[in-house]
Amino acid sequence: MKDDARRRAAWLADAILPHEPWVRRQLRRGNTLGYEIDDIVQEAYARLIMLDSVAHITNPRAYFLQVARSLILQYLRRARVVPIDLASDIDAIDEAANEPLPDRQVQGQQELDRLMNAISTLPPRCQEVYRLRKIEGLSQRQVAERLMISESNVEKHLGRGVERIMLLYSNDQRSHSNDPKMSPDGHACKAHKR
Amino acid sequence: MDMRAKLTSAEIDRIAANWAAREDLRPLDPGEEQALDAWLAEDNRHLGAYGKARAVLERAARLHDETAIADTVDDAEENHPTRRRMMISVAASAAAMAAGVALFMRNTAPAEKHFSTGRGEIRSVPLEDGSTVMLNTASEIAVLFLPEQRIIRLLAGEAFFQVAKDATRPFLVQSAGRIVQAVGTAFSVRRTNEGVGVMVREGRIRYERHKETGTSSAFLFANAETEILDYQGNAQPALQHRSGAEMDRMLAWLDDKIVFDETTLGEAAAEFHRYNETPLLMTPQVRKLRVSGRYSAGDPEAFAQAIAVILDLKVERTAQGIEISNKN
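If you're matching them up, the sequences are chains A and B in order.
With this note's numbering, letter number 96 in the first sequence gets 96, and the count goes up by one each step, no holes.
With this note's numbering, letter number 54 in the second sequence gets 54, and the count goes up by one each step, no holes.
One thing to keep in mind: the hints can contain errors.
Stated by the list, open to error - Restraint-style ranges between C-beta atoms, simulated for each label pair: (1) A:D3 - B:T168: 45 to 55 Å; (2) B:E262 - A:R141: 49 to 59 Å; (3) A:N171 - B:K327: 53 to 63 Å; (4) A:S152 - B:F221: 42 to 52 Å; (5) A:Q110 - B:R26: 30 to 40 Å; (6) A:S70 - B:R204: 41 to 51 Å; (7) B:G244 - A:Q142: 42 to 52 Å; (8) A:S120 - B:R26: 25 to 35 Å.
Unchecked claim - As a list, the in silico DSS-like pairs of lysine-lysine whose alpha-carbon atoms are at most 25 Å apart: (9) B:K257 - B:K314; (10) B:K314 - B:K288; (11) B:K288 - B:K327; (12) A:K156 - B:K6; (13) A:K2 - B:K6; (14) B:K113 - B:K165.
These are calculated hints, taken from the structure and not from any lab test.
For glycine and all other residues, C-beta sits at the position ideal for the given N, C-alpha and C.
Sequences are here, hints too, so could you generate the full structure?
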């Protein structure tokens with residue numbers, strides 16, 4: 001399973017990730033029938049990872065939306081609810097899939113700017129770890145020595161960085177990812193610990 | 001019913017981010033591998049978040065690579081070799097070869113010219129330096145000529161380059177962040193959902209090595225092909241040597257032809273679909289049959305009729321396309 005994810009990461013990075021904000025916008029525009037967009041998107045990624053091949057996908061953005069949309073239908077079937085207005089939403093989604101893609105040239109620089117902005121909202125230590133590792137390419141040990149922190153702390157700080165960029169591609173719509181959230185049954189979650 | 005509290009999406013993302021960060025820094029130990037497997041198996045959303053976390057690191061690396069290149073260009077232009085340059089020396093070999101490519105990323109870039117083909121169209125594009133580009137079906141390139149460099153970006157599909165020699169002005173082809181350099185040669189670059197591949201017919205090219213082997217470059221000589229970026233994640237894509245005849249077969253599209261050599265009908269149908277709207281539809285058993293020969297890329301119907309005779313199949317034209325099935 002993780003090997004599937006590792007294998008597909010480059011394709012996801014190239015073909016899927018940049019379109020996540022768009023897919024979320026489309027989902028928000030339509031009716032998700034009470035299902036959380038965050039859940040739908042996470043599961044959509046899983047479906048894309050589990051595909052045997054992606055060679056047949058000519059329009060990854062539209063495909064991503066399709067997968068998300070079909071998940072809603074699947075949830076519905078499981079819940080045995082028949083919505084009345086779903087058909088019209090699906091039409092709206094199909095129309096949206098034909099919108100022109102953003103200009104690739106402009107996108108690169110803007111995207112990098114947004115990424116660096118996101119990183120700059122992190123605590124200074126996290127920013128430093130991110131910069132030393134991802135921009136200067138130091139090893140885990142070198143980063144630890146340079147900042148005089150433990151190697152396991154290097155992992156934690158870089159984890160914050162990755163989490164922050166994940167949120168960036170969720171379009172910052174999910175509020176306060178750093179706040180402790182309440183889980184459905186009312187316990188405060190300890191998400192930092194595995 | 002699972003007694004554990006279900007994690008929120010944000011919590012799942014956080015855990016996934018930590019796994020991906022850890023793997024970015026070092027290989028997991030066996031215990032960790034197991035723990036990760038177990039966590040991924042718990043919920044599809046865990047797998048999705050983990051895949052996204054890996055993708056995020058991959059994308060960030062690409063975006064940073066491009067700035068490293070841009071910085072090198074800035075330094076070169078300001079004409080002082082600087083500390084900055086030392087800092088990014090990891091990327092230097094690629095950067096030196098690619099310096100000009102970074103200009104795309106900047107607002108001040110001179111105008112690029114775009115050329116594209118629709119499905120089924122093959123187009124020859126003469127360039128101002130005497131080179132020619134043949135664009136295969138559904139392909140797009142952007143051409144930028146600078147005083148020190150000739151830069152072509154392959155945005156989609158496949159292109160065959162016949163490069164006019166000019167040692168002072170390298171000819172660079174960039175696709176999906178990978179760069180191929182030629183001085184005077186004939187080669188093709190193809191970009192698909194699975195990666196980027198190059199094929200050299202004459203001369204030699206220099207290309208950026210696959211990520212896992214670091215940012216080094218390697219040469220590829222005549223009658224060889226390799227993948228330079230493999231989205232399927234194979235660490236060392238195989239370098240294949242081809243005979244001149246095999247090369248010609250793979251480049252048959254230059255003459256509007258498709259050549260098969262013991263190719264399954266399934267693959268052949270996919271190849272025809274690159275050039276034609278009308279799909280060749282067939283049952284799973286038929287897809288497995290094999291075919292050899294040279295066919296007109298723009299005439300799937302003729303191909304269908306030909307294989308119907310050779311393999312004793314039935315062909316029917318329907319609203320959906322050309323249906324090929326077993327007789328009886």
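How the hints compare with the structure:
For D3 of chain A paired with T168 of chain B, a C-beta distance near 47 Å keeps the hint of 45 to 55 Å intact. In this structure the hint that E262 of chain B and R141 of chain A lie 49 to 59 Å apart at CB holds, the actual value being about 52 Å. N171 of chain A and K327 of chain B have their C-beta atoms about 55 Å apart, which keeps the hinted 53 to 63 Å range intact. Range check, S152 of chain A to F221 of chain B: Cβ separation about 47 Å, and the 42 to 52 Å hint holds.
Between Q110 of chain A and R26 of chain B the CB atoms are about 33 Å apart, so this pair conforms to the stated range of 30 to 40 Å. The hinted range of 41 to 51 Å is satisfied by S70 of chain A and R204 of chain B, whose Cβ atoms lie roughly 48 Å apart. Look at G244 of chain B against Q142 of chain A: about 49 Å separates their beta carbons, and that is inside 42 to 52 Å. A hinted range of 25 to 35 Å holds for the C-beta pair S120 of chain A and R26 of chain B, which are about 26 Å apart.
Taking the CA atoms of K257 of chain B and K314 of chain B, the gap is about 24 Å. The hint holds against a cut of 25 Å. Taking the CA atoms of K314 of chain B and K288 of chain B, the gap is about 15 Å. The hint holds against a cut of 25 Å. For the hint linking K288 of chain B to K327 of chain B, the alpha-carbon distance of about 16 Å falls within 25 Å, and the restraint holds. Restraint check: the Cα-Cα separation between K156 of chain A and K6 of chain B comes to about 23 Å, which is no more than 25 Å; the hinted pair holds.
For the hint linking K2 of chain A to K6 of chain B, the alpha-carbon distance of about 21 Å falls within 25 Å, and the restraint holds. Only pairs whose Cα atoms come within 25 Å are accepted, and K113 of chain B paired with K165 of chain B is accepted, the gap being roughly 21 Å.
Taken one by one, the earlier hints all hold for this structure without exception.
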